[in-house]
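There are 2 protein chains.
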Amino acid sequence: MNLKQLSLMLDLSQTTVSRALNGYPEVSEETRRRVADAAKRHGYRPNPSARRLATGKAGMIGYVMPTGASVDIDPHFVEFLSGLGDYARAHDLDLVLSPADARDEETTYRRIVANKQVDAVYVSAPCHGDKRVALIHQLGMPFIVHGRSEGLDFDYPYLDIDNEAAFHEATRLLVQLGHKRVALINGDDTQTFAIFRERGVRRALAASGIALPPVLLRSVAMTEENGYRAARSLLEQSEAPTGIVCSSLIMALGVVRAVRDLKLTIPGDLSLIAHDDVFPWLKPENFSVPLSTTRSSIRAAGQRIAERLAARISGLETGARGEIWPVDLVVRGSIAGAPV
Amino acid sequence: MNLKQLSLMLDLSQTTVSRALNGYPEVSEETRRRVADAAKRHGYRPNPSARRLATGKAGMIGYVMPTGASVDIDPHFVEFLSGLGDYARAHDLDLVLSPADARDEETTYRRIVANKQVDAVYVSAPCHGDKRVALIHQLGMPFIVHGRSEGLDFDYPYLDIDNEAAFHEATRLLVQLGHKRVALINGDDTQTFAIFRERGVRRALAASGIALPPVLLRSVAMTEENGYRAARSLLEQSEAPTGIVCSSLIMALGVVRAVRDLKLTIPGDLSLIAHDDVFPWLKPENFSVPLSTTRSSIRAAGQRIAERLAARISGLETGARGEIWPVDLVVRGSIAGAPV
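Residue numbers (our numbering), protein chains in the order written: chain A, 21 to 360; chain B, 21 to 360.
Honestly, the hints are just simulated from the structure, not real lab data. There's no promise every hint is true.
Where chains are identical, the list cannot tell them apart; a pair therefore holds if satisfied intra-copy or between any two copies.
[As the list claims (entries may be wrong)] Quick list of in silico lysine-lysine cross-link-like pairs, DSS-like style, CA-CA up to 25 Å:
#, residue 1, residue 2
1, LYS283, LYS200
2, LYS60, LYS303
3, LYS283, LYS77
4, LYS60, LYS24
5, LYS136, LYS151
6, LYS77, LYS24
7, LYS283, LYS303
8, LYS77, LYS136
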């Protein structure tokens, strides 16, 4: 079935059908739904080149990918990308990854905007007062931030999970279980997610008059090895923590190894809760002692970002809408009352 | 410094300088080197848009990314992508990921070729008689296969690691240590890398008159959980293996967990060797018992694929060159003589 046949069948002009399928705002919601249903039922898929000509869009979502010898893209990225890809495939969008020098992403942002290679971009791993967000806002290309940046003097569209609440709840549970020395093994603390998580931990502890002294705080790149080193250094000090909240499952692997090497046990000597982005290849319920987690699917976030970018490209979404997802706290065998 | 200034300084025409920088074959190697040196010394970088206009190239490398609810892109992909990005950044190339229905990648290949979105593509995870390789060969777009496909009736350019030799050497070492029951926990055995690995294991065993019976062979998606399940089922049978060769580090995590749950030890009861793609976030030397590995950096492979694709785009590389990298066998504490 082609556009002409579909239009005849629906008794609509080809222009209207095309606009409905491409999400133009001037088509009513009812017509859009009617057209979409018919297209789906009869297996009509618009030819992307024709669509591009008709809409003046590239049909591409962009991402500026920081690279360099010192930059390790971590496995979170691939799960996020899977989600983005799920949506993009169903909507004939491609993703353009523009590798950039991690010390100078600005040049690359300016280039992709100037070249009109993509219709919209997403920005990930934002930090406080993130310059990339300010730049892309100023350059006027549609964008969404995955995460949030504080300290900017304008509003912008974003999708984030509630990192502060997640780590607040996790820490509060440990405090309720009698833990007084709770440590945080965090990711890179120049990034907003890490700032928010630390804030959540501090707030939960402060509610019971407990502090988070520097000796109970680590901020490191999220590898197994760093998790191990952080846990060893925490557990070998005289005032060792009885509870650890940890920013990634991969670091938690290292924590578990450190606990074993020190001949300690989970949860007897140490209660452990880690953040789980829901990787299909590594599951917290399969840890030797099933791991309690704060859980949020980063793949689902990728899908949603793609969906919102598509809506921004077509004009269905405008303005600076922030969307914050709640995070599950999933209790498994790795936590128990504080040792006496 | 702009193109004109660079040309004046070198006493060459702008056309020659431009061609030299863009790797046209008609420029002599000496001139190319002279121009590249001067450009580097004076910080000249060609404007990508201008280059695109001049060369008729999109400046983009493509990858058709299979997606769908049942498709898990695994963390190998992100390391490969990092390597590809390292090279691409330095050469102003972008990567276009075109998500495709995993059951119908052909449509997407045809689309990206028809739309001239990219100058070249790479194909990954090839299987026997891979249809995508046959298709892209027929469509006439420059490409390189990461891995190899047997059973095609034409030659094509590829980059692969020597999977057969790697698993042959690993298995031979176990046999030399006295192991007679060696099991293989492999990846998806429709893929060439897995076929080659199995071949290497069989050949090493056969050289000592040992067979690889079906009860000592597993072929599964490479997750921690599948590694655990495979190892448990292998180790709980009456004729349990004393040695395991395993196709990924993530599956090896599961093997180690199974060994612990069964109250066995490595290497006392079981010798273990796994393939290591060199992830920065999970290192075999950090396993509770340091893990012996067959090692090859998938990030380096990504860099090399990008380099060769760039060479094919500019015409510097032509023909069906196959490149096979040797694989290191790295011995650590996880192997020992067979238990008596």
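Please list, smallest to largest, the hint numbers that this structure does not respect. 2, 3
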